[in-house]
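4 protein chains.
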Amino acid sequence: MAKWDNVKKVVLAYSGGLDTSIILKWLQTELDAEVVTFTADLGQGGELEPARAKAELLGIKDIRVVDVREEFVSDFVFPMFRANALYEGLYLLGTSIARPLISKHLVQIAHETGADAIAHGATGKGNDQVRFELSAYALDPDIKVIAPWRDWSFKSRTDLLNFAQDHQIPVPKDKQGEAPFSVDANLLHSSSEGKVLEDPWAEPPEYVHQRTVSPMDAPDEVTEITIEFAKGDPIALNGEKLSPATLFARLNDLGRDNGIGRLDLVENRFVGMKSRGVYETPGGTILLQAHRAIEQITLDRGAGHLKDEIMPRYAELIYNGFWFAPEREMLQALIDKSQEKVEGEVRLKLYKGNVIVTGRRSDQSLYSDALVTFEDDRGAYDQKDAEGFIRLNGLRLRTLAARNRR
Amino acid sequence: MAKWDNVKKVVLAYSGGLDTSIILKWLQTELDAEVVTFTADLGQGGELEPARAKAELLGIKDIRVVDVREEFVSDFVFPMFRANALYEGLYLLGTSIARPLISKHLVQIAHETGADAIAHGATGKGNDQVRFELSAYALDPDIKVIAPWRDWSFKSRTDLLNFAQDHQIPVPKDKQGEAPFSVDANLLHSSSEGKVLEDPWAEPPEYVHQRTVSPMDAPDEVTEITIEFAKGDPIALNGEKLSPATLFARLNDLGRDNGIGRLDLVENRFVGMKSRGVYETPGGTILLQAHRAIEQITLDRGAGHLKDEIMPRYAELIYNGFWFAPEREMLQALIDKSQEKVEGEVRLKLYKGNVIVTGRRSDQSLYSDALVTFEDDRGAYDQKDAEGFIRLNGLRLRTLAARNRR
Amino acid sequence: MAKWDNVKKVVLAYSGGLDTSIILKWLQTELDAEVVTFTADLGQGGELEPARAKAELLGIKDIRVVDVREEFVSDFVFPMFRANALYEGLYLLGTSIARPLISKHLVQIAHETGADAIAHGATGKGNDQVRFELSAYALDPDIKVIAPWRDWSFKSRTDLLNFAQDHQIPVPKDKQGEAPFSVDANLLHSSSEGKVLEDPWAEPPEYVHQRTVSPMDAPDEVTEITIEFAKGDPIALNGEKLSPATLFARLNDLGRDNGIGRLDLVENRFVGMKSRGVYETPGGTILLQAHRAIEQITLDRGAGHLKDEIMPRYAELIYNGFWFAPEREMLQALIDKSQEKVEGEVRLKLYKGNVIVTGRRSDQSLYSDALVTFEDDRGAYDQKDAEGFIRLNGLRLRTLAARNRR
Amino acid sequence: MAKWDNVKKVVLAYSGGLDTSIILKWLQTELDAEVVTFTADLGQGGELEPARAKAELLGIKDIRVVDVREEFVSDFVFPMFRANALYEGLYLLGTSIARPLISKHLVQIAHETGADAIAHGATGKGNDQVRFELSAYALDPDIKVIAPWRDWSFKSRTDLLNFAQDHQIPVPKDKQGEAPFSVDANLLHSSSEGKVLEDPWAEPPEYVHQRTVSPMDAPDEVTEITIEFAKGDPIALNGEKLSPATLFARLNDLGRDNGIGRLDLVENRFVGMKSRGVYETPGGTILLQAHRAIEQITLDRGAGHLKDEIMPRYAELIYNGFWFAPEREMLQALIDKSQEKVEGEVRLKLYKGNVIVTGRRSDQSLYSDALVTFEDDRGAYDQKDAEGFIRLNGLRLRTLAARNRR
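Chains V, R, P and F, in that order, give the protein sequences. Counting in the working numbering, the first sequence runs from 83 upward without gaps. Counting in the working numbering, the second sequence runs from 83 upward without gaps. Counting in the working numbering, the third sequence runs from 83 upward without gaps. Counting in the working numbering, the fourth sequence runs from 83 upward without gaps.
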């Protein structure tokens, strides 16, 4: 392919599935390039060894299978949760936050192996192509990024399957027709999009859901848990210290069982159209509530309000693929500065889709019953101060009212 | 009282309860002022006629009992919901939004009756004094606002009860001790604060809740509803056109029965301390989800993101009592401009605390399956465009990466 | 040209200069399209009739020459100045604000004449292509926009001149070599870019400047003027009521003579690179200072601060070409709401590059010497109020300090 | 004085002038408190030794005279200039930024000396009381802050002078009448307020200005300078490395001589009223332009725009006295993160009030003529990319236009 004439070696984000196997072969045949595969364990579930075997079968010499779960949670998920990030008020950014990590590894492997390009399997209509590519460009200005879905000449599913057949790529039975929806998954969430979900008036069928039971099918009993935080990140569950990925996996199990974290959303893609997705973020949904609860007693009002005001921008940057952009890093510096004393314990009840905060406590608490009590506060607060406070806050409004009456 | 020497006539926000009855009598005796009472039906529940009777008993000549429910919902609640307003990410501002309406009526009645002051029963530690007073000052720069809780010399509950007894104010049996918590209610919400809630680690007792069943006690069956919107406001429920207050009351009933809208929050007061409240906003919680859902298909991305970014500021203004401030009105102009075509229908399932959006449709929809489909879109979208889009979005990041590598 | 095969009639933004004449001929010959020309008098200076004559010479039947100066100032420049808009802190957006007006007329003429496309002469590296095209798309989703600089196969200036010669397009002597810089001009400003300006360390040569004398060459005498405002817009100069464009032209003359409004800037283009420009905005620089001065006494603090906070976003939207986007219109609604009582008079001194505000007065003034005076204010302000004001503003800081000391 | 009954030792911010001498004596006589004086050299000009002598004369045992100029510029002025901070678009915050430094020293000395209170000479109408007190409370939650102007019973200037006479405080001849305006000065600026400036329509008399010649009186010759930056701060002037305070003093001299940095402003005070001030910030005005210029070539667009958007909030926090609040520190973390590579050189011309940037260069430049040139860029930028960029940016606008046409 003329466009990629100079490409000699490509690092491919490889899942082992049919689509990325076709891409692998297309890179070999159309570009005549050597392919290095990178398969990441992001906690998506399922074995990775079959991906290795398949890559071998397709003639790959340099196969990288890496467990990045701890890195994913420590360096990407937790920093994002410090911000209470929600895109368009509702979406916990499960897909968005994984893409920069993958690009980071692809670029690193390119550097290690002397590859001149990386490749991904995202289509030309979605956000993921943007996230992969902006991340790669921010890490290496000269890297080439190949997005075969935008370049190849296949016009239909049949073309793809024919190509697979021509190149001895095994096609699983259930892939011979078109999937009723497409899925992305990692430790933070599963998302489902497309076909059966394309009518935003039609309720998502139950079978679309990947990793949560329905609230209606969840147990009738309440599950009570505690989460402990330090510097804004969860560090223990029910009193047990756990590594980031282990803790997150436990929260996912708890959320799954209790029907927590489903979201049916029509969102605005960065590439300009609206799309409908079904997201399941069981552990993240619990974590968001718990994090807000511990912030409630440990974060100053000025700090908290500033965080809330910049949050939509921060979430938008992540959604749009600007994780490695300086403005995201600047916002992160602001957020991290606020989290230094966000520590303590939160108690929650999980019940049929509900995450109910029932208590929070901290050695770093800013809550003071002495100040707030209806009873005698022994001088902690002088109610007379309120009069001056209100009068000076109101002075400009009174001046304005007097002017408007003139 | 020297401070209020010139006050001759006062309009009092009068609930008919013990506290405002004591205030009424205190205004008569300490200030030697004529008192006009204003009792508003904000949908708080309970009869208002007893308040009229009690005012008569206490010698009031000019007694105003007004049903302001439609005004409350049309002119205050709905405009606020157009913004998806949440204070500190969670609180639906049920108390905050009612205060400016009450002040507006107090000031109007003052003008009608030639009163030179208004009075309210909010304490010196809370936000409500600020909201009442800033609203009043913004509407009349010369109005005097009397906050007896800040001025009188009573030191304890016993002092208050003694004063009541001395002035033939009936004290209901259940008011002779101190209340385990205090309540504010209107059509939008009930809030509970104080005493049994003052330890933020202790779970709120079930009996604190005023207007919702617990999710655990809600029916095992799903309730499905539809809400229709026009210009950002709900206009019909299950196909039936309803007035704002009627519609809201119906949503409250639906929410109450399904355990929807409870919130246990530690929040930051404008007067500077943290306080813990339990809020119940059954109808509002449903409405917020439904409004976001109809916006998802009818609001442009740029419009929606701008709204999300200014929302925390808007909510803070309302919380702090600046409803009648020019910056709130400017933000409202911005928000209202965005809502012109926010219309259509949302379908939701209510189930044990869950509000589950299952569909949305609109004649003004911006959602296009032609654009988003995985299948052949017949040219609606050219995937090649994505390459240029990404490359130019990435140009500055590549320039930066090249610089940083130098 | 295959890409534009279906185009039958094109409305071209035509200046009468060499470049747009080549475009005109290219559209006729390469696309075999009928061309309608639109030449706007935006106050750029110079005659428009030669453009008409040249279009006739090139065989155009439908020639539109329109004086849009009043529309430009009333509907674009003044609304923008209500916001005190500055891009990147310094740039008055003189080019950016003219582009949507031109697109609006191009699309209107396309509708009137049944044209299926519009064309402009902006290159593929700049912001103007974006502004023209986004404006057009926002006004007509089906319009085709042809940007010949991106499409044609000319590789060099020589290719262009050869094409001109081949098609009997007269080439003025001074256009036979390459220009040392390129210019855009309208009633608001002149900009110069390119070649001699490309080294940001090299001082712009004096001959680059189009419409201002150097501060060093301006008169030694001060010129004093007054500007009167209503609803945020200037309506009179030195007591004389003038139409928007006339008033603006007068301000330009005053600024030009006094060396006002030069700017040497390296800015960030929307398409991703930095560029260096020299801008001259004589009248606009005066107007900005005057508008801020009248706002100082007529605008409430809350309103003013909100305006200041959203201003960078507003300016960025205009710079990037989103004039007709809903978020710009929402921000405009917010801004316009604030300007209702921005009226009164400002006095300024103009002197060798300086715009010095020396006074402002208004019937709608919010300034009160009674409040601010160091002398006896007869009770307008109670200094005791400040204590409570400070204590409650400081309460959270004290709580924090106590926590941090623990 | 009952209110301060428990105060035994007070640290007073002492200028040596009449007003703070009266306060000193008032603290001794009315509070019967031991007084420690703190006199800071902030670069306000004038000798400090007379203040020491006068304090001795008034019986002070513990007299602290400290040169804080380097600390002031390094830890307060430069961090603020990294943000390009302007309050209400124009004011360089010269008074605001000095107050927290003074409070910091007062509190430190209180800790060293076992004092239980600090005292300042700011009146009850201004912002400075707020700045002093919020800073103190943020550093020591238990510190008492005495503001004698709010507490004492003097009703007039005559009362003050009588008190001075009664207590053998020398009253300079020129202080026997009332000053025609009041002044604050430090290395960053001088401000003048009050009396002759109270009518915002009246031009400030020339004699009000403290530290700049009028532009009209400045030399006819241009002065050309260069400023070198590292990490966003100036480090050298005309090639000479200088300490922060020395460099700043030199800039002040240059600004003073060339009539630079005068501002006549009506601003909004935090305590609620508008006031008119005349500010002179000669060096700061030069520095702001120079800093923006070096940012223009070294700061990424995303970083720069984010800084511009948060700047008004940052400036407001400083103006209102929240220097030591967590939200200011969070914003500072964001700003400082952006400045890591803001380094290089700026060349400026100073001429009769004008600060004219004529060049900027940096080893960390992000400016690329290869990208921006009108001439052949040898493939650095592909103009075809612009088409996709525009089309996807315009997609939502076209969708909207199509909807609105339905």
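Treat the hints as calculated values from the structure; they're not laboratory data. A hint or two may mislead.
Since the list gives no way to pick out one identical chain from another, each pair is judged satisfied if it fits inside one copy or across any two copies.
To be verified - Straight-line C-alpha distance at most 27 Å; calculated DSS-like pairs for lysine-lysine: (1) K277 x K91; (2) K107 x K431; (3) K323 x K226; (4) K237 x K85; (5) K226 x K107; (6) K226 x K257; (7) K237 x K143; (8) K226 x K237; (9) K313 x K143; (10) K313 x K237; (11) K237 x K107; (12) K186 x K419; (13) K466 x K85; (14) K323 x K107; (15) K186 x K85; (16) K277 x K143; (17) K277 x K419; (18) K85 x K255; (19) K419 x K313; (20) K186 x K466; (21) K91 x K255; (22) K255 x K431; (23) K257 x K90; (24) K257 x K419; (25) K323 x K257; (26) K323 x K466; (27) K257 x K277; (28) K257 x K186.
Of the numbered hints stated earlier in the document, which are not met by this structure?
1, 2, 3, 6, 7, 9, 10, 14, 16, 17, 18, 21, 22, 23, 24, 25, 26 and 28
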